[in-house]
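*Asks:* Take a look at the letters that make up each chain.
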Amino acid sequence: MRLCCRIPLATFELDVDASFDSRVTAIFGPSGSGKTTLLDAVAGLRDIATGEIEIGGKTLFSSARKINLSPQRRNIGYVPQEGALFPHLSVRRNILFGAERIVHAAGAKGIGMEHVLEILEIAHLLARPVTKLSGGEAQRVALARAILSRPQLLLLDEPLAALDIGLKEKILPYLARVRDEFAIPMIYVTHNVTEVLTLADWVLVIRGGRLLAQGAPKETLTSGRAVREIPEEQLENVFTVTFMESDKAAGRSRVRLSSGAEIFVPYLAQADRPTFQIRVSADDILVGIQRPEGISAGNILPGTVRAIDLIDDQALVSVDAGEDFCVRLTSGAVTRLALDVGCPVFLIIKTRSFRLL
Amino acid sequence: MILSFETWQITLFSISVGLASTLLILPFGIALAWLFARKEWPLKSVIETAVLLPLVMPPVSTGLILLKIFGRRSPLGQWLYERGIEIVFNWKGVLIAMSVMSFPLLVRSVRTSFAEVNLRLEQIAATLGASPLRIFFVVTIPLAYKGIVAGALLAFSRALGEFGATILLAGNIPGQTQTLSLAIYNYVQLGKDSEAYTMLGITVGLAFLFVWCSEWLLRAERKN
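Chains A and B supply the protein sequences, listed in that same order.
Be aware that the first sequence starts at 1, since it is given in the working numbering, and climbs by one per residue.
Be aware that the second sequence starts at 1001, since it is given in the working numbering, and climbs by one per residue.
Only chain A is shown next, with the shape it has when bound in the complex:
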């Protein structure tokens, strides 16, 4: 997909030029950086001064070639931030609103209503009026409506932003399921790092209408330029793990990273899926240059320093311990330990510092 557009806005100009070929592309940046404008432009809901938008070899917009497909003909499913369900229609009629679209994405014929309802767990809501849905239910209905229009691309505009934290963690797995079950590429707008690391395989970092960085999420978000855009508390590591066993008495479960290393995470009774995701903040990882003895932390992982990024008074230390871990230290700690690229180190992580997604 190629996304190149210039749109003059009231206070700045949105100017983005990116090409990517990924399942889920996150557009990451603070509010007011032009993310929603960009989605609107892709969906054909907003005029573009100059540029070109191309999906799977099909041009949707090109100022040079004077192509500008109407939103109807772009075949793009859009879930806006507020869900935008039709308040006068039932959940069923909302969901089926786009189902009779004439142009379907190739290969999308296999998407059946039953399947979508099952994945999003909304079958029991069908007869309800839209006004009687909770925030999380409304988001899932909006998502189902977009998927059932069998689009060639799904645009999600901060689908979790309006939900409170507890609900966010419940909806996130639904989004991951949608990604895995339906072969629809997605563009996902967010200002939350966890969501990017959990869902996306490519990220565009934008600020003030400009593209600051793009690339694989983990490397991009922990590199010098993008890290300044990340809210202090959001610098995180996300890993996909395989469930091994649980020990209720000890209050912990054993899981395996894709590198083969095993770690302890807080107790979970039974994994409903064989693999799932966990996260740990870059501020909750200790670095030692010797293996520590007699401490409470459940995880001590040997590794090697791969890179050190000094940003103001902080140091982002990237450690290869089978998987790549990002650790945030003070610049003083780096000096004190005489850390350098290639140094052998130990990562010390409390069991309870891991959060399950």
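Calculated from the structure, these hints are not laboratory results.
It cannot be assumed that every hint is accurate.
[Unchecked claim] A short, non-exhaustive set of chain A residues, derived as facing chain B with CB atoms under 10 Å: (1) 40; (2) 64; (3) 67; (4) 70; (5) 74; (6) 84; (7) 89; (8) 92; (9) 100; (10) 149.
C-beta atoms are modelled at their ideal positions from N, C-alpha and C, and glycine is treated no differently.
Given the coordinates of chain A, work out where chain B should sit on it, guided by the hints.
*Replies:* Coordinates of chain B only, in the frame set by chain A:
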């Protein structure tokens, strides 16, 4: 109190021509209101002002303009006359006068309710493949219908109360062009107070009913 045949006749005439005028202007009013609320086009503000003019101009002036337009000596009046259609001094004149005078009220009300429909919903409908026509009938109209009905009620009430433009264009001919308003004027002139008060009672009752319904609908719409 038993109403006389004449009173019934005048009341029914007023209501049926009023109703006809409202139905006549409804499609045009909705279309124009949508153009005002959703589109930008050259001379839009000029047209908007012109449509609202009958609301603020003395009705008699509007009546005079209509008389000049539809009178037999005007090109349009002449053209219509040659085809056997006469507007002036018959019920068609009443219909035209009522339509023109109530049109701005309808357009204003419908325009506001279109403007209150969340544009995002129409945009999302478009991304779901709905044609502009389908969006209009399945999204916009259902979400604005209370405002449309309220506007139609208001226009109908205004039509029933029409006096100035009607008397110039259609005259005040008993049994032919006499509406409730014209009849009240007539009875007062002739000193027939009790008949005038009967008519007064009917007009107050009808006006109250329609304005109340229209306000109730608008309140219900705002609550959504």
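*Asks:* Determine for every hint whether it applies to the structure shown.
*Replies:* So, going through the hints one by one against the coordinates:
Taking 10 Å as the C-beta contact cut-off toward chain B, the hint placing residue 40(A) at the interface holds, the least distance being around 8 Å. About 24 Å separates the beta-carbon of residue 64(A) from the nearest beta-carbon of chain B, more than 10 Å, and the hint is not met. Taking 10 Å as the C-beta cut-off, the interface hint given for residue 67(A) is violated, the closest approach to chain B being about 18 Å. Checking residue 70(A) against chain B: minimum C-beta separation of about 7 Å stays under 10 Å; hint holds.
For residue 74(A), the shortest C-beta to C-beta distance to chain B is roughly 7 Å, which falls under 10 Å, so the interface hint holds. Checking residue 84(A) against chain B by beta carbon gives a least distance of about 5 Å; that is within 10 Å, so the hint holds. Contact between residue 89(A) and chain B, as hinted, is supported at the beta carbon level, the nearest pair being about 8 Å apart and thus within 10 Å. Interface hint status for residue 92(A): violated, as the beta-carbon distance to the closest one in chain B is roughly 14 Å, over 10 Å.
At about 8 Å, the closest approach between the beta carbon of residue 100(A) and any beta carbon in chain B falls short of 10 Å, and the interface hint on this residue holds. The criterion of a C-beta within 10 Å of any C-beta in chain B is met by residue 149(A), whose closest approach is roughly 5 Å, and the hint holds.
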